[in-house]
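K.L.:
Line order of the protein sequences matches chains G and A. Letter 279 of the first sequence, counting from 1, is numbered 279 in UniProt numbering, and no numbers are missing. Letter 225 of the second sequence, counting from 1, is numbered 225 in UniProt numbering, and no numbers are missing.
FYI, nobody ran anything at the bench for these hints, they're computed from the structure. Treat the hints with care, since some could be wrong.
[To be verified] Below, a sample of chain G positions facing chain A; criterion: calculated Cβ distance under 7 Å: (1) 91; (2) 154; (3) 218; (4) 237; (5) 241.
[What the hints assert, rightly or not] Covered stretches of chain A (in silico footprint by chain G; criterion: 3 or more residues with CB under 8 Å from a CB of chain G, positions within the stretch not fixed): (6) 139-148; (7) 213-224; (8) 271-281.
[What the hints assert, rightly or not] Derived Cβ-Cβ restraints for the label pairs, each shown as a range: (9) A:161 to G:63: 21 to 29 Å; (10) A:96 to G:227: 35 to 43 Å; (11) G:124 to A:165: 19 to 27 Å; (12) A:175 to G:124: 46 to 54 Å; (13) G:173 to A:107: 43 to 51 Å; (14) G:198 to A:165: 15 to 23 Å; (15) G:117 to A:316: 27 to 35 Å; (16) A:184 to G:277: 37 to 45 Å.
Just so you know, these numbers come straight off a predicted model, no measurement behind them. Cβ coordinates follow ideal geometry from the N, Cα and C atoms, glycine included.
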Amino acid sequence: MSIAASRRPIWKERPSPFYQSVKTLVLGGFAVAIIVPIMVVISTSLASDQDIIDAGGYVLWPSHPTVKAYETLFSGGLMARAIGVSVFVTLVGTAIALATTIALAYATSRPVLFGRPVLLMVLFTLLFAPGIIPMFLVVKQLGLIDSLWSLILPGALGAFNFIVLRTFFMNVPAELLESARIDGASDFTILRRVVMPLSKAVIAVVGLFYAVGFWNAFFNALLYLNDTSKWPVQVILRTYVLQGKSLSADQLGVEPLPQPQSLQMAVVVVALVPIALVYPFLQRHFTKGVITGAVKG
Amino acid sequence: METLVATQRPETAEPAPRPPDVRRTAKLPLSVRWRRDWQMVLLMIPGVLFLLVFFYLPVIGNVVAFQDFQPFLGIMHSEWNGVQNFVNLYANPDFWDALRNTLVLALVQLVLFFPVPLALALIVDSLVSNRIRRAFQTVAYLPHFLSWVLVIALFQQSLGGAGFVNNLLRQAGLDPIPFMTNPDTFPLLVVAQLVWKDAGWAMIIFLAALTSVDVALYEAAAADGAGRWRRLWHITLPSMRTVIVLLLILRIGDVLSVGFEQFILQRDSVGPGAAEVLDTFTYYAGVVGGDWSSGAAAGLAKGVISALLLWGANTIAHKLGEPGIFQKRGQQ
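Next comes chain A alone, as it looks inside the complex:
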């Protein structure tokens, strides 16, 4: 019964002051803390090892972007060539195509996808029947758990040249529509897939934010004669501003990663002209084409720009008085 999130008051809104932990952080000598905490430190070791090997080591491995990397020589013995790889990228029209596609697709996704979960959440929240609400949530969350391969396979079977929608069109004597292979409409297809897969899931967080809106505000507004649209505009949306800003920031930080698997899976059918993005460029130039250094340079450029975008968006949010993703230090 109490599992339905939309009906819950979040208990996390204002964290209760925590009683002092049994472990005081006061300045204890290292040896004392070690004797007290060694088991905890031991528990950290596997995780830290994974981080070091599969995150920090590859991060350092990005130095191959500054090398003329030869796989049989390895990182230690390959020649350094400064920023030559970046200069080559700059001169490479394919890279610019990939960058342009990435930005176009990211923008289209941001504009067309972002409002959908918010709208769905507002509608679901306005439902009175709990049964319908729960049934819809169950259906809407499901596609999030399907892999991209599966989602695209489902799209292909539905909208592809031999798919059942085109089958119906043909049976009706109409021309089939090349939904899945038309490079011009590819951005729309991508958004449709994203909406199908993740709009329901993205709704969760808005639903949670909606439950934390103070009901008294609605009551007061209604008493003052505000209709449903005024309440939506003056109470609901402002109350959700923090969450909306937070999700926007996260999306912006992720802008250059626009669904990687989604593109690599459809690059063959749509063609690299429309479906080549920075990540697929990295893969095809580096791993498939053997130009490791160019691939690594493109990947590094992407990583750095993404991190800067995320940081920049968060800074702007702070300036606007929103908490953003990175809170000020000092809170545990």
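The shape of chain G in the complex, shown without the other chains:
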């Protein structure tokens, strides 16, 4: 299929050198603008103190790469705890959110009792946002302030992810479910043994969306967590990189500290790496997932 698409249609003229170069410039420029900042950050985090001093702050390519900044960050204290918090919130949050969304999406994907009103209940959330203050009050009333659950539970059902899954589940052939039912399978079994194995790719995509959401969540943490020891990576990133407060040896639990530049960049990289790691594995699936959701939704 892709080979056919790569052949130039006969009616299409050869691109002129002018258009060729415009295209190259636009797409190349866009890609470079994305890659270069990321590369500089990674390089600087790996640079030695001398590299940084020589380059006057930023390094395009570290000549004496060292992982000292990372050793410092992971050696304990504030940053190590923050990574733990973020990993916990991401893993637990994604698991809960996936389970909830899959169950709800499957149940509303068939014409069942209460299916219609529940579907409308979800779709209404796309129209209206409840607002920051009432949300805060509810979380507070539930006693979740300063609890990590305040980062997890409010994000446990995303309407968009729900639509992606539901659309996919609706396209599972009814005959398949029918035959499973005739064989005596319950709805639970059908979901677990028939529908979910068929939807692995979509579930992976939705899982990625949830995981990225939990990993990136910044505002909820700012809103609900006063206790610095429960801060996730994103809040650390804001406080010590964006606002420029410096991490003290005390907070990190080690000394002497490497160059603040490489330390800051290492914080940035820590926030970046998990996403850079899962991205290539799921990238081939997600366009399909997005489009399933968007076309129907």
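Given chain G's structure and the hints, the job is docking chain A onto it.
P.N.:
Same frame as chain G, but now just chain A:
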């Protein structure tokens, strides 16, 4: 191989007539349906609970906008004060500043951001080499998955006062440019960040729409002597009209929410004069300043106006004969 979206024919264009489900929706007595469906109903419960607690309860909680809310008294015991909070908002110049900033930033984003993904998609679609196309897509999608904190940190490290661009300028003997702290150019900075983060991602949907354009139309047009620009104008763009309208509607419904995190993160460096929007106003007045009722009133006003805008845009789209986002009822 078949993962590259741009080369796929979408199978969703015309949904095939579905065979009747094993569950007939015919009028069955409730007890029968319950006995048949109870497991499905059970599967709905966790999701419905989350919706009730973390969406519908806060929606009801918006009543604090009509109260003189005191946290230690709680919603049940706080005094009602009618529309007083809205009257106060009306008299509050900060609120109007926030509203004006919101609208200006939204407009700038709509005008400057919206065409970018469409243009990128048209260029990418015209690429012949699949390798280049895929490589570009991989790079372009990536920033969407980075958090706003990270994106702004990257911008700061690149364009900030001590960032590497200004470092280079200084080394070249030029004056550094305050990209990140100038309130006058803040809207442009915001659009640049948005383009950097999301233009590639927003391209996906246009690419998908492009694959569904009928190739025979191009062939016929080319046979009739239409050049590439005529084909673009008379075939490609009209074929994508539905998708373009759909995305415009969604954007309009989201207009008042212009990147919240983006602003809260940059409000300190740029100053509230340029970076205060309705959402940050709500946060700073309500949660930080302790004026819960004003914050809630601003938030509620924003929510209601957004919902009305979305509905209005969709109605206009319907009038123009486009499907819009909310289809007519009756389709499952």
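K.L.:
Quick one: which hint numbers does this structure break? Sort them smallest to largest.
P.N.:
1, 8, 11, 14
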